[in-house]
Amino acid sequence: MPGYADPHFDTLSLHAGAGPDPATGARAVPIHLSTSFVFESSEHAASLFNLERAGHVYSRISNPTTAVFEQRIAALEGGIGAIATASGQAALHLSVATLMGAGSHIVSSSALYGGSHNLLHYTLRRFGIETTFVKPGDIAAWRAAIRPNTKLLFGESVGNPGLDVLDIPTISHIAHDHGVPLLVDATLSTPYLMKPLSLGADLVYHSATKFLSGHGTVIGGVVVDGGSFDWEASGKFPELSEPYEGFHNMVFTEESTVGAFLLRARREGLRDFGACLSPHSAWLILQGMETLSLRMDRHLANTEKVVAFLAAHPLVSRVGHPLMPDHPSHALAQKLLKGGARGAGSVFSFDIKGSRTQGRTFIEALKIFSHLANVGDSKSLVIHPASTTHFRMSDEALAQAGIGAGTIRLSVGLEDADDLIDDLKRALKAAEKAAEKTTPSQGAA
Amino acid sequence: MNITWPGFNVYAYTGGKTFNPEQPTVVFIHGVLCDHSVWVLQSRYLAHHGWNVLAIDLPGHARSQGTAAASVQEAADQIHAMLDAAGLAQVALVGHSWGSLIALETAARLKQRATHLALIGAAFPMPVAAPLLEASLADPHKAIAMINVFSRATLAAPPSAMGPGTWVHGASTALNRRVLASNREVNLLHRGFTACDNYDQGLQAMANLTCPVLFINGALDQMTPPKTTQALIEQGHQSGKKVSVDTVPMGHHQMNESPEETLQALRQFLR
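First to last, the sequence lines map onto chains U and E.
Each residue of the first sequence is one higher than the one before, counting from 0 in numbering that gives the first Met the number 0.
Each residue of the second sequence is one higher than the one before, counting from 0 in numbering that gives the first Met the number 0.
Possibly wrong hints are sitting among the right ones.
To be verified - Covered, in the sense of this in silico footprint (three residues per stretch, anywhere, with C-beta under 8 Å from a C-beta of chain E), are these stretches of chain U:
| no. | segment |
| --- | --- |
| 1 | 7 to 20 |
| 2 | 50 to 59 |
| 3 | 64 to 71 |
| 4 | 78 to 92 |
| 5 | 221 to 234 |
| 6 | 247 to 257 |
No wet-lab data here; the hints were simulated from the structure.
These numbers were taken from a predicted model, which means no experiment stands behind them.
Glycine included, each C-beta is placed from N, C-alpha and C at the ideal position.
The following block holds chain E by itself, in its conformation from the complex:
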């Protein structure tokens, strides 16, 4: 479905179901150079099990119109406005990588409107290594190759988003290329990485949350290793939040290298 904003549309995958106002809503927010399709298994499942699903393409990405946000805060403003435009009183938020920072910042702004926050492959701070940041500007396709090498944890992923026979590494690379090509005005890779690198409000956002938080870390994640979530987890504990941590046995492609474990963690959390 498309959510109409003043002047443009944002695309949201609904898991094959129409919106039901009687049901709670969960919003999925993807990471850099990705789109809604990274969530297809988890979002389609939840859509058929009692949830309205909005797996969005961030503004300026893939099917969504609008301007790609240059900061986590700007992206959170966009999501906030989108939820208002859609008339959603309360939502659960799920984000991956860059999308986890956007979800965190959005949840902090929504306060009681946010019912749950699931952060997958999160880190704070989320610095981007200088060679990767430079490559994202000078040679985005080289940077895409680097991302996918660092994100992969296995050469033998279980059946994944496109079913058995999916080569997750190739699928992720192809998606990154497609999303990069979807915006001819903005280098989405460099803009997203810069936003991650510059974000410094994570601890404050965590302190401002009012909802429970789930971290889903990849045990073999080289992009955002589990230890890089510690600052957020400690802040959550210190500020009295209900924080839980789940670790899946893969890398940064949690949703596609560990689709079942990621789904089970989300199911438990969203009950």
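The following block holds chain U by itself, in its conformation from the complex:
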């Protein structure tokens, strides 16, 4: 597509990575459900394996349908390339495992999805990788937590579920001052609402299960490299800048000045850990990405109305969305997200006054909001984080993540906003009535 300007977001959402299929003329991206791809000759096979030629060999390493997804998300994020993974968790693990081994250290925001917290705090520790958690807004704490063996700073663009906005420009400066990259989980913001790479992040990953696919039908993830971090100059990443015995002593930073991370992540991480994305899943994610901006605009419009309703309701003690002027990230959200604070997205939490019983009654009374463990669906969702998504976290860690016993998380979908508000209104009424029935022993635990 020769032209005089860069294509814009919606054009890239539809066209990056794929044109009409040259073999069949198919306009939609074909699903290449093939484990393997035929070699033209023995010589061709050897040159593909030795990275002398680029192409597909085996779908654990790469696949034509998956590659379209990878190119498309890289284009939307402003990156140099991407690697699709079996889930968002697999993308986080691949990023960490590519950059470090036992004896390494990570500094992470404490405002994380519970699964990410588990991986960092419990599982990676078993493999000799330690993590120090800091409150995302405590800039001095980020700096103080860095050790000589720190290899990565990590946070969520918009923390789940408290919506703490990560000050990426500031945190990335701290990271770069210490010769380490900043990895950002941008699942809740999507590239439509924020481009972390342009703000200073070095690597970005998504749980594509959420807004990118957008319909609650698929599990997938992806990590995007911005190509800006100088692994060699840092001196902290021999995994990338010294010969790798596991691949013919290849020095990844020599092979690719900007793409060493992606080379090793694919050639080692996908090859050995194997958490690849199914091409069918990649296709479902691509279907979602075609309408990403349209859906996100509707998510945001609905969220604004729901936030306003909840903020005015007498049974609601707190609405945790940066749209609220008293939210700790209100000013940062205004600065860093598309459209200001409304760009903080459609997943947020709020607290109900009263007892746990009332909270449970509220959730069970909802008819349109579905009670389940996911966010970013086209359908509206609700959950009680302290007893589900974040239940393995200690009280202290929950408090650091901004989660209380009465906190309820909503993921506002694409339904008619009036119907969503009616549903919430009815459920809050039920919760009010539950208070009347609550005995003193059942109250305020």
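Please arrange chain E on chain U, whose structure you already have, making use of the hints.
Just chain E now, with coordinates in the frame of chain U:
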């Protein structure tokens, strides 16, 4: 590997192989704000198929020390001296864009020492549009964006330098930024563009060649459209050179938007 010059080193990617004096050598020369890594597929292939490969970072660029050349002739002098320092009796030369002019000028000076000359995305003259030249000085990052818009021919490149999933446009932009930042004393973008703009010895260099010449043009190239190689091609024919032309179905990122076609053209030529 590093080739030691009096006082400084020039980096050359060797495709993962050590130098074998029994084999012929091919030298790859990159364009403005690029480095050796733009050749990684073609150079790595040739390194494993009977060639010594030296994909250099030009002096003052990326991993190479030294002063960035201010003219095509100065760059050719540097390459010539580097080949002498490396003790190479004969070489094939492959250049892209600005690097194609440097390769042309070097081959003309090497005479029989040059066995082959492949010019990818070449043009003569190679004028740089005034707005781009001005932007290269006043706002290099704006100029980098312009270059990459004009260089791209597709939003759906085939598997490329970093394998499947490479976004060529982003990778090229990131490389340009990295190379610009690699030299804090010289604006490599403006210096390279000025050298292209000022070069006026192309026809004479073509007339002085003694080796066969291959042009690899991008059919959709907006930076150096195929018609801009015509003067060199005609000069080659008129002066009795063995000239061949191959056209790949992409733009100015021939090596990364058309890696296979570019490789096949080079393979055929270097046989």
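(request) Determine which of the earlier numbered hints do not hold for this structure and return their numbers in increasing order. (result) none
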